[in-house]
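So the protein lines, in turn, are chains P and A.
One point on numbering: in numbering that gives the first Met the number 0, the residue at position 3 of the first sequence is 2, and numbering is uninterrupted.
One point on numbering: in numbering that gives the first Met the number 0, the residue at position 162 of the second sequence is 161, and numbering is uninterrupted.
Fair warning: there could be bad hints in the mix.
Unchecked claim - Taking lysine-lysine and the BS3-like style, the derived pairs with C-alpha atoms no more than 25 angstroms apart in a straight line are: (1) K81(A) with K277(P); (2) K81(A) with K51(P); (3) K81(P) with K162(P).
If you are wondering where the hints come from, they were derived from the structure by calculation, not from laboratory data.
There are 2 protein chains.
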Amino acid sequence: MSSTTNDNLARASRRRFLQGSTAAVGGAVLGAGTSAAADADNLPPNIPEWMKAPGEPMGSQPYGTPSPFGKNVVKNISPNLKQYISASGRTPLQELDGIITPNGLFYERHHGGVPTIDPAQHRLMLHGLVERPLVFTMDDLRRFPSESHIYFLECSGNPVYTKPYGKTASDLVGLLSCAEWTGVSLKLVLQEAGLKPEAKWVVAEGADAAALTRSIPIEKCLDDAMLVYSQNGERLRPQQGYPVRLLLPGFEGNMNVKWLRRLHVTAEPIYSREETSKYTDLMPDGSAREFSFYMEAKSIITRPSGGQRLTTKGFQEITGIAWSGHGKIARVEVSVDGGKSWQDAQLQEPVLTRALTRFRLPWRWDGQPAVIQSRAIDETGYVQPTLAELLAVRGENHFYHNNAIWPWRIAADGEVTNAQA
Amino acid sequence: MSSTTNDNLARASRRRFLQGSTAAVGGAVLGAGTSAAADADNLPPNIPEWMKAPGEPMGSQPYGTPSPFGKNVVKNISPNLKQYISASGRTPLQELDGIITPNGLFYERHHGGVPTIDPAQHRLMLHGLVERPLVFTMDDLRRFPSESHIYFLECSGNPVYTKPYGKTASDLVGLLSCAEWTGVSLKLVLQEAGLKPEAKWVVAEGADAAALTRSIPIEKCLDDAMLVYSQNGERLRPQQGYPVRLLLPGFEGNMNVKWLRRLHVTAEPIYSREETSKYTDLMPDGSAREFSFYMEAKSIITRPSGGQRLTTKGFQEITGIAWSGHGKIARVEVSVDGGKSWQDAQLQEPVLTRALTRFRLPWRWDGQPAVIQSRAIDETGYVQPTLAELLAVRGENHFYHNNAIWPWRIAADGEVTNAQA
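Chain P extracted, bound-state conformation:
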């Protein structure tokens, strides 16, 4: 936090963030005016049980896990999901802070289950309109120059346009996560094979039972596309494409082909199932919106958000995340009056291209009902639209690419619900 930000916050709160608290913050403010002032010689509470005996020994967790008190923070998986048809597990965004999604909570979306791949047996073939067809082992891919970047990844149906929209931030846009990815520039790998002049597309195929296949324009492949083998430092999880996946920063999730086994360089797209029957949209004029690669600018308030409850009047921090497939977030605006007026939120530095950006706004809740919402503006000047604006353009049959502003309703008792459900 910059000192300017600190100063603004200090002014906003007159340096007493908990001052407006009611009894709900318990004994927190023990200064003048309360009879429960802390006795400096007696810690309240008394020495807790966990200080009276040695704790868990070293080595009980060679690979660590969260606290047993956080065991409810897991992926948000529908009990009614259609296994192998529309299987997805959402990140619990409203439980998370910052911009990095821990690997254990990274969202999942599979079309044929999660293959268990032996990396020593895995091969990646590069063929088609190239000078030298190549087959790579994982060791081969590790020998290339590497690079690391923090990028978000988002499913194109996050959320879909069909109701019900869900209750929590995770229900709505939990098919979204962000990680530090390490791998090889796809451009370097294509250069190793040598592209023929007529090469215009690269068809990527996964080694899952669905053999998920997507056509990628050559311009993206020669820009920031990567072959990724590590995520947040360690090797990819099986759910994320272990041992290697395609990473197309800013493009819809399904194109970032997991368990990557084949790159076929072609002159035309292959018109696979996932770019004809699925991941296209019927427009009002009867045409199909296809190859809708980019995830547009979007944001959501994660705290306070649906399913949570404000327990006291006074200072509240409004915080959330914003992102754009087109580059950096330039600004996030927040409204606390149902969209009548908007204020600039603070953006957590560093703001990175095609990564989540955490935003924050100090706010004093007066205990009255309120509707809060955020809207993102990216570096291209694009402004996140309302749901009504999107529906007016894309019609009632649209399914994917819903990047609407999402308002939360705060009731007088502090309960937060989806204002658009």
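Assemble the complex: chain P is given as a structure, and chain A must be docked to it using the hints.
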């Protein structure tokens, strides 16, 4: 990777990174001159077993875990550790990429085991030279304005000066990790209580069985110090101080008190066990070096590194990590000739203050024995010293704060070993 870097790499390699390969890269280069050119219609190998049946269903891992093929990538825990005396678990740095350490592999160092704390029962007391003594619940702390930063954390004995130094990068400097931390500015919390003019130190106490206690200068507390509750998005792990820890960017690990239960504002340091008997050093003149807060600039090559083996001549990427408690890394130099000459490595952007910085250098190994090493220069101009230079200044009784350059020896057969063991 910037296009300039790409261009440099392309020139360095003449666009064929695997060209110098011997048989060890297998069938990777299948272009002109080999008889095993890939048949574009026949994928080698044939369709693998894992494509022939649906994979693991969604929901089998509500909180994900690594691939079973990566089960050897765990914390590096000595089988002979003295439980509750010098218990530590090291990050397997040579297995990791990028700068983020996944929470499951974050290093640990405990003095009384890992307490299992109920966050609803936990309290943090702030008392001493303040206007208003305060006791905070975790909910109280969550109501303050939050901030997120990526910072490294390192034990001051990483490694100690006493032999044996170990074989791998993890053995040597694995008491080092890096994460995105979220929490509250300690300055804001101190302002809430109101500091008295004579407040010069804050004594922090942990709620573990060791009640680990350290004195922190007020200048640091009013600068970038944080009370942290989240790490890489999710709540702190128990091993990292759940539900709240102190975070003093750039200061030695033990001062970043875990399971934080008390902040006592004082005029003088408390001279606790951990700042008198431990975490001090006997200098050659008989004086004690105490309150040695800052971790100095340091770097290490993680690949290739001790315990690994180069399997082929030709292109190799040398990569590693650099960090400084005093701010940003300005430059990392790499020598591949035993320290006779040095070249600038590329630094992965963004370079963040008091975070790990990943560096990389393209290199062609000629198959001859070599000694490789890196040295970090931080933004203050400080240059990472050799072990001999450190010993000359600090003497033979020094134990903590060894930030020496560490060379790796590469044998003609490709085996990599500690050149200073």
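Among the hints numbered above, which are violated by the structure, and what are their numbers in rising order?
1
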